[in-house]
Amino acid sequence: MEDLNNIKIKEYVSIILRRPNTPKIWVNKRINPNKEFYKHWQCPGGHVEETDISTKHAAQREVLEETGIQPELEELEYMRTNHYFKEKEWRIIHCYSLTTKKVPELTEPREMTDWQLKKIKEVQKEPVIDSLKDAFKGRQHETKIIMIEGSCGAGKSTFVGKCKEYLTKYKKTVEILDESFIIKDSSKRIINYGSNLKKYKEREITKEQMEEIAIELEKWIRDKWMKQIFEFYTRERKPSILLMDRNLFSTLIFMKLMEEEGFFSKEKQEEVSTNYNNWLWLIRNH
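Residue numbers (full-length UniProt numbering): 1 to 286.
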(Lines of atoms letter the chains of each structure in order from A and count residues from 1; the text may use other names and numbers.)
(Lines give C-alpha, C1' and ligand atoms only; values in the text may rest on other atoms or scores of the structure.)
Protein backbone atom coordinates (compact mmCIF):
# COMPACT_ATOMS: atom_id res chain seq x y z
CA MET A 1 0.00 0.00 0.00
CA GLU A 2 2.79 2.40 -0.88
CA ASP A 3 0.58 4.52 -3.12
CA LEU A 4 -2.51 5.15 -1.03
CA ASN A 5 -4.07 7.13 -3.86
CA ASN A 6 -4.70 3.87 -5.69
CA ILE A 7 -6.81 2.33 -2.92
CA LYS A 8 -10.46 2.01 -3.94
CA ILE A 9 -12.98 2.65 -1.17
CA LYS A 10 -16.22 0.68 -1.39
CA GLU A 11 -19.12 0.99 1.06
CA TYR A 12 -21.64 -1.77 1.74
CA VAL A 13 -24.44 -2.79 4.08
CA SER A 14 -25.09 -6.26 5.50
CA ILE A 15 -28.32 -7.25 7.24
CA ILE A 16 -28.79 -10.16 9.66
CA LEU A 17 -32.34 -11.42 9.09
CA ARG A 18 -33.54 -12.93 12.38
CA ARG A 19 -36.56 -15.08 13.18
CA PRO A 20 -38.40 -13.88 16.35
CA ASN A 21 -37.86 -15.89 19.55
CA THR A 22 -35.33 -18.28 17.95
CA PRO A 23 -31.53 -18.41 17.55
CA LYS A 24 -32.06 -18.81 13.80
CA ILE A 25 -31.33 -16.47 10.89
CA TRP A 26 -32.22 -16.50 7.19
CA VAL A 27 -29.26 -17.31 4.91
CA ASN A 28 -28.55 -18.65 1.43
CA LYS A 29 -25.50 -19.58 -0.63
CA ARG A 30 -23.87 -17.70 -3.46
CA ILE A 31 -23.91 -19.86 -6.61
CA ASN A 32 -22.26 -17.68 -9.26
CA PRO A 33 -18.78 -19.23 -9.83
CA ASN A 34 -17.56 -16.01 -11.44
CA LYS A 35 -18.12 -13.93 -8.30
CA GLU A 36 -16.38 -13.67 -4.96
CA PHE A 37 -17.37 -16.00 -2.09
CA TYR A 38 -18.68 -18.77 -4.34
CA LYS A 39 -20.64 -21.35 -2.28
CA HIS A 40 -20.40 -19.24 0.88
CA TRP A 41 -23.35 -18.56 3.17
CA GLN A 42 -24.57 -14.99 3.02
CA CYS A 43 -27.27 -12.66 4.33
CA PRO A 44 -28.96 -9.76 2.48
CA GLY A 45 -26.65 -6.89 1.60
CA GLY A 46 -24.94 -4.87 -1.11
CA HIS A 47 -23.47 -1.53 -2.16
CA VAL A 48 -24.45 1.79 -0.63
CA GLU A 49 -25.69 3.85 -3.58
CA GLU A 50 -25.29 7.60 -4.07
CA THR A 51 -29.08 7.94 -3.90
CA ASP A 52 -29.28 6.35 -0.42
CA ILE A 53 -30.00 9.01 2.22
CA SER A 54 -28.25 6.95 4.90
CA THR A 55 -26.78 3.49 5.36
CA LYS A 56 -30.04 2.48 7.04
CA HIS A 57 -31.92 3.47 3.87
CA ALA A 58 -29.42 1.37 1.91
CA ALA A 59 -30.12 -1.59 4.21
CA GLN A 60 -33.86 -1.11 3.77
CA ARG A 61 -33.46 -1.09 -0.02
CA GLU A 62 -31.22 -4.18 -0.10
CA VAL A 63 -33.61 -6.21 2.08
CA LEU A 64 -36.47 -5.39 -0.29
CA GLU A 65 -34.43 -6.17 -3.41
CA GLU A 66 -33.06 -9.49 -2.17
CA THR A 67 -35.96 -10.84 -0.09
CA GLY A 68 -39.13 -9.03 -1.15
CA ILE A 69 -39.58 -7.89 2.46
CA GLN A 70 -40.25 -4.16 2.98
CA PRO A 71 -38.99 -3.27 6.49
CA GLU A 72 -39.70 -0.01 8.26
CA LEU A 73 -36.57 2.04 8.97
CA GLU A 74 -37.11 1.80 12.73
CA GLU A 75 -37.11 -2.01 12.47
CA LEU A 76 -33.49 -2.00 11.31
CA GLU A 77 -31.09 -2.04 14.25
CA TYR A 78 -27.54 -0.83 13.69
CA MET A 79 -24.92 -3.32 14.95
CA ARG A 80 -21.42 -2.32 13.87
CA THR A 81 -19.19 -1.14 11.02
CA ASN A 82 -16.36 -3.39 9.85
CA HIS A 83 -13.34 -2.36 7.78
CA TYR A 84 -11.56 -4.79 5.44
CA PHE A 85 -8.31 -4.09 3.61
CA LYS A 86 -7.51 -6.32 0.63
CA GLU A 87 -4.66 -5.29 -1.65
CA LYS A 88 -5.85 -2.07 -3.30
CA GLU A 89 -9.38 -2.11 -1.87
CA TRP A 90 -10.83 -0.74 1.36
CA ARG A 91 -14.27 -2.18 2.12
CA ILE A 92 -16.49 -0.51 4.70
CA ILE A 93 -19.45 -2.68 5.72
CA HIS A 94 -22.24 -1.37 7.96
CA CYS A 95 -24.07 -4.24 9.68
CA TYR A 96 -27.74 -4.14 10.66
CA SER A 97 -30.16 -6.58 12.26
CA LEU A 98 -33.81 -7.10 11.27
CA THR A 99 -36.18 -9.35 13.22
CA THR A 100 -39.24 -10.37 11.21
CA LYS A 101 -41.88 -13.09 10.98
CA LYS A 102 -42.00 -12.70 7.20
CA VAL A 103 -40.46 -15.35 4.96
CA PRO A 104 -37.92 -14.06 2.40
CA GLU A 105 -38.48 -14.73 -1.30
CA LEU A 106 -35.81 -15.83 -3.77
CA THR A 107 -35.42 -12.77 -5.99
CA GLU A 108 -32.10 -13.60 -7.70
CA PRO A 109 -32.16 -17.34 -8.62
CA ARG A 110 -29.06 -17.04 -10.83
CA GLU A 111 -26.99 -15.64 -7.99
CA MET A 112 -28.14 -17.54 -4.89
CA THR A 113 -29.97 -20.58 -3.52
CA ASP A 114 -33.34 -20.52 -1.74
CA TRP A 115 -33.37 -18.85 1.66
CA GLN A 116 -32.93 -21.25 4.57
CA LEU A 117 -33.58 -20.79 8.28
CA LYS A 118 -30.49 -21.93 10.18
CA LYS A 119 -28.94 -21.62 13.62
CA ILE A 120 -26.00 -19.25 13.79
CA LYS A 121 -23.70 -21.96 15.17
CA GLU A 122 -24.64 -24.21 12.26
CA VAL A 123 -23.77 -21.56 9.68
CA GLN A 124 -20.44 -20.81 11.38
CA LYS A 125 -19.21 -24.35 10.71
CA GLU A 126 -19.19 -23.75 6.93
CA PRO A 127 -17.71 -21.09 4.59
CA VAL A 128 -19.32 -17.72 5.34
CA ILE A 129 -18.82 -14.29 3.76
CA ASP A 130 -16.72 -11.93 5.92
CA SER A 131 -19.49 -9.49 6.81
CA LEU A 132 -21.80 -12.27 8.05
CA LYS A 133 -19.02 -13.99 10.00
CA ASP A 134 -17.96 -10.80 11.76
CA ALA A 135 -21.53 -9.71 12.45
CA PHE A 136 -21.84 -12.71 14.77
CA LYS A 137 -19.37 -11.01 17.08
CA GLY A 138 -22.16 -8.70 18.18
CA ARG A 139 -21.79 -5.08 19.14
CA GLN A 140 -18.41 -3.42 19.35
CA HIS A 141 -17.08 -0.13 20.64
CA GLU A 142 -17.33 2.48 17.90
CA THR A 143 -15.63 5.82 17.68
CA LYS A 144 -18.07 8.71 17.57
CA ILE A 145 -17.17 11.08 14.73
CA ILE A 146 -17.96 14.72 15.44
CA MET A 147 -17.63 17.34 12.70
CA ILE A 148 -16.90 20.77 14.15
CA GLU A 149 -17.03 24.20 12.57
CA GLY A 150 -13.81 25.95 11.66
CA SER A 151 -10.45 24.68 12.82
CA CYS A 152 -9.94 22.30 15.73
CA GLY A 153 -6.22 23.01 15.90
CA ALA A 154 -4.62 23.61 19.30
CA GLY A 155 -6.16 26.55 21.12
CA LYS A 156 -8.54 27.44 18.29
CA SER A 157 -11.71 25.68 19.39
CA THR A 158 -13.76 25.89 22.57
CA PHE A 159 -15.25 22.55 21.62
CA VAL A 160 -11.84 20.87 21.83
CA GLY A 161 -11.52 22.19 25.39
CA LYS A 162 -14.94 20.78 26.26
CA CYS A 163 -13.92 17.40 24.90
CA LYS A 164 -10.80 17.44 27.03
CA GLU A 165 -13.02 18.05 30.06
CA TYR A 166 -15.12 15.09 28.98
CA LEU A 167 -11.94 13.03 28.64
CA THR A 168 -10.85 13.87 32.19
CA LYS A 169 -14.24 13.25 33.75
CA TYR A 170 -15.27 10.07 31.93
CA LYS A 171 -11.85 8.67 31.04
CA LYS A 172 -12.57 8.83 27.31
CA THR A 173 -9.96 9.24 24.60
CA VAL A 174 -10.15 11.98 21.98
CA GLU A 175 -8.29 12.35 18.68
CA ILE A 176 -8.31 15.10 16.10
CA LEU A 177 -8.14 15.01 12.33
CA ASP A 178 -7.24 18.52 11.25
CA GLU A 179 -5.87 20.49 8.32
CA SER A 180 -2.33 20.75 9.69
CA PHE A 181 -0.92 19.12 6.56
CA ILE A 182 -2.03 22.23 4.66
CA ILE A 183 -0.67 24.69 7.22
CA LYS A 184 2.69 22.89 7.35
CA ASP A 185 3.02 22.62 3.57
CA SER A 186 6.13 24.67 2.80
CA SER A 187 5.35 24.67 -0.92
CA LYS A 188 1.96 26.35 -0.21
CA ARG A 189 0.12 24.34 -2.85
CA ILE A 190 -3.38 25.65 -2.13
CA ILE A 191 -2.21 29.28 -1.92
CA ASN A 192 -0.34 28.82 -5.20
CA TYR A 193 -3.42 27.23 -6.73
CA GLY A 194 -5.39 30.38 -5.91
CA SER A 195 -2.80 32.66 -7.49
CA ASN A 196 -2.58 30.42 -10.57
CA LEU A 197 -6.36 30.43 -10.88
CA LYS A 198 -6.23 34.23 -10.96
CA LYS A 199 -3.55 34.07 -13.67
CA TYR A 200 -5.70 31.66 -15.67
CA LYS A 201 -8.73 33.95 -15.48
CA GLU A 202 -6.54 36.84 -16.59
CA ARG A 203 -5.28 34.62 -19.46
CA GLU A 204 -1.70 34.63 -18.25
CA ILE A 205 -1.56 30.80 -18.29
CA THR A 206 -3.39 28.29 -20.50
CA LYS A 207 -6.22 25.95 -19.54
CA GLU A 208 -3.87 22.99 -20.12
CA GLN A 209 -1.37 24.43 -17.63
CA MET A 210 -4.14 25.07 -15.10
CA GLU A 211 -5.46 21.53 -15.49
CA GLU A 212 -2.01 20.11 -14.76
CA ILE A 213 -1.80 22.22 -11.57
CA ALA A 214 -5.32 21.17 -10.49
CA ILE A 215 -4.64 17.46 -11.05
CA GLU A 216 -1.43 17.60 -9.02
CA LEU A 217 -3.17 19.43 -6.16
CA GLU A 218 -6.14 17.04 -6.11
CA LYS A 219 -3.80 14.05 -5.89
CA TRP A 220 -1.82 15.67 -3.07
CA ILE A 221 -4.94 16.51 -1.02
CA ARG A 222 -6.33 13.01 -1.50
CA ASP A 223 -3.04 11.41 -0.47
CA LYS A 224 -2.78 13.50 2.72
CA TRP A 225 -6.38 12.74 3.60
CA MET A 226 -5.95 9.04 2.94
CA LYS A 227 -2.87 8.75 5.13
CA GLN A 228 -4.64 10.31 8.12
CA ILE A 229 -7.84 8.27 7.80
CA PHE A 230 -6.09 5.04 6.82
CA GLU A 231 -3.74 5.20 9.80
CA PHE A 232 -6.67 5.77 12.14
CA TYR A 233 -8.85 2.92 10.86
CA THR A 234 -6.06 0.33 10.65
CA ARG A 235 -4.85 0.66 14.22
CA GLU A 236 -6.05 -1.71 16.92
CA ARG A 237 -6.88 0.81 19.64
CA LYS A 238 -9.24 3.58 18.60
CA PRO A 239 -10.37 6.64 20.57
CA SER A 240 -13.87 7.19 21.93
CA ILE A 241 -14.29 10.44 20.00
CA LEU A 242 -12.81 11.54 16.69
CA LEU A 243 -13.02 15.29 16.09
CA MET A 244 -13.02 16.09 12.40
CA ASP A 245 -12.03 19.56 11.33
CA ARG A 246 -14.55 21.04 8.90
CA ASN A 247 -11.65 22.94 7.36
CA LEU A 248 -10.20 19.55 6.51
CA PHE A 249 -13.43 18.33 4.98
CA SER A 250 -13.49 21.58 3.03
CA THR A 251 -10.46 20.36 1.11
CA LEU A 252 -12.70 17.66 -0.34
CA ILE A 253 -15.24 20.26 -1.33
CA PHE A 254 -12.32 22.12 -2.88
CA MET A 255 -11.83 19.16 -5.23
CA LYS A 256 -15.40 19.64 -6.44
CA LEU A 257 -14.75 23.34 -7.02
CA MET A 258 -11.75 22.48 -9.18
CA GLU A 259 -13.95 20.12 -11.13
CA GLU A 260 -16.63 22.78 -11.60
CA GLU A 261 -14.02 25.18 -12.98
CA GLY A 262 -13.68 22.73 -15.87
CA PHE A 263 -9.98 21.93 -15.53
CA PHE A 264 -10.40 18.17 -15.92
CA SER A 265 -10.94 15.98 -18.93
CA LYS A 266 -14.11 13.83 -18.89
CA GLU A 267 -12.14 10.80 -17.67
CA LYS A 268 -10.33 12.77 -14.96
CA GLN A 269 -13.57 14.47 -13.95
CA GLU A 270 -15.19 11.08 -13.31
CA GLU A 271 -12.16 10.00 -11.24
CA VAL A 272 -12.23 13.15 -9.09
CA SER A 273 -15.99 12.81 -8.52
CA THR A 274 -15.45 9.21 -7.41
CA ASN A 275 -12.66 10.25 -5.05
CA TYR A 276 -14.90 12.90 -3.50
CA ASN A 277 -17.87 10.55 -3.10
CA ASN A 278 -15.63 7.88 -1.54
CA TRP A 279 -15.19 10.01 1.57
CA LEU A 280 -18.85 10.75 2.19
CA TRP A 281 -19.09 7.66 4.42
CA LEU A 282 -17.23 9.62 7.10
CA ILE A 283 -20.22 11.90 7.65
CA ARG A 284 -22.98 9.59 6.41
CA ASN A 285 -25.76 8.77 8.88
CA HIS A 286 -26.37 5.19 10.01
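Please keep in mind that the hints were generated in silico from the structure rather than gathered at the bench.
All C-beta atoms, glycine included, are put in the ideal place defined by N, C-alpha and C.
One should not assume that every hint holds.
Unchecked claim - As a list, the in silico DSSO-like pairs of lysine-lysine whose alpha-carbon atoms are at most 27 angstroms apart:
(1) K86 <-> K101
(2) K162 <-> K119
(3) K162 <-> K24
(4) K102 <-> K86
(5) K102 <-> K39
(6) K119 <-> K29
As the list claims (entries may be wrong) - So the derived label-pair ranges between C-beta atoms look like this:
(7) K133 <-> K169: 31 to 41 angstroms
(8) K169 <-> N21: 34 to 44 angstroms
(9) Q228 <-> R91: 14 to 24 angstroms
(10) T173 <-> K133: 25 to 35 angstroms
(11) L73 <-> Q124: 28 to 38 angstroms
(12) E108 <-> E208: 22 to 32 angstroms
(13) I190 <-> L73: 22 to 32 angstroms
How the hints compare with the structure:
1. For the suggested pair K86 and K101, the alpha carbons sit about 37 angstroms apart, so the restraint of at most 27 angstroms is broken.
2. Pair hint K162 plus K119 does not hold up; C-alpha atoms about 46 angstroms apart against a cutoff of 27 angstroms.
3. As the CA atoms of K162 and K24 are separated by approximately 45 angstroms, the hinted pair breaks the 27 angstroms bound.
4. Only pairs whose Cα atoms come within 27 angstroms are accepted, and K102 paired with K86 is rejected, the gap being roughly 36 angstroms.
5. About 25 angstroms separates the Cα atoms of K102 and K39, which keeps this hinted pair within 27 angstroms; it holds.
6. Restraint check for K119 and K29: satisfied, since their Cα atoms lie roughly 15 angstroms apart, inside the 27 angstroms limit.
7. Range check, K133 to K169: about 38 angstroms between beta-carbon atoms, so the 31 to 41 angstroms window is met.
8. Against the hinted window of 34 to 44 angstroms, the Cβ-Cβ separation of K169 and N21 comes to about 41 angstroms, which satisfies the hint.
9. At about 19 angstroms, the beta-carbon gap between Q228 and R91 stays in the expected band of 14 to 24 angstroms.
10. Range check, T173 to K133: about 28 angstroms between beta-carbon atoms, so the 25 to 35 angstroms window is met.
11. Roughly 29 angstroms separates the CB atoms of L73 and Q124, a value that falls within the hinted 28 to 38 angstroms.
12. Judged by the Cβ atoms, the range 22 to 32 angstroms given for E108 and E208 is violated: they are separated by roughly 47 angstroms.
13. A hinted range of 22 to 32 angstroms is violated for the C-beta pair I190 and L73, which are about 40 angstroms apart.
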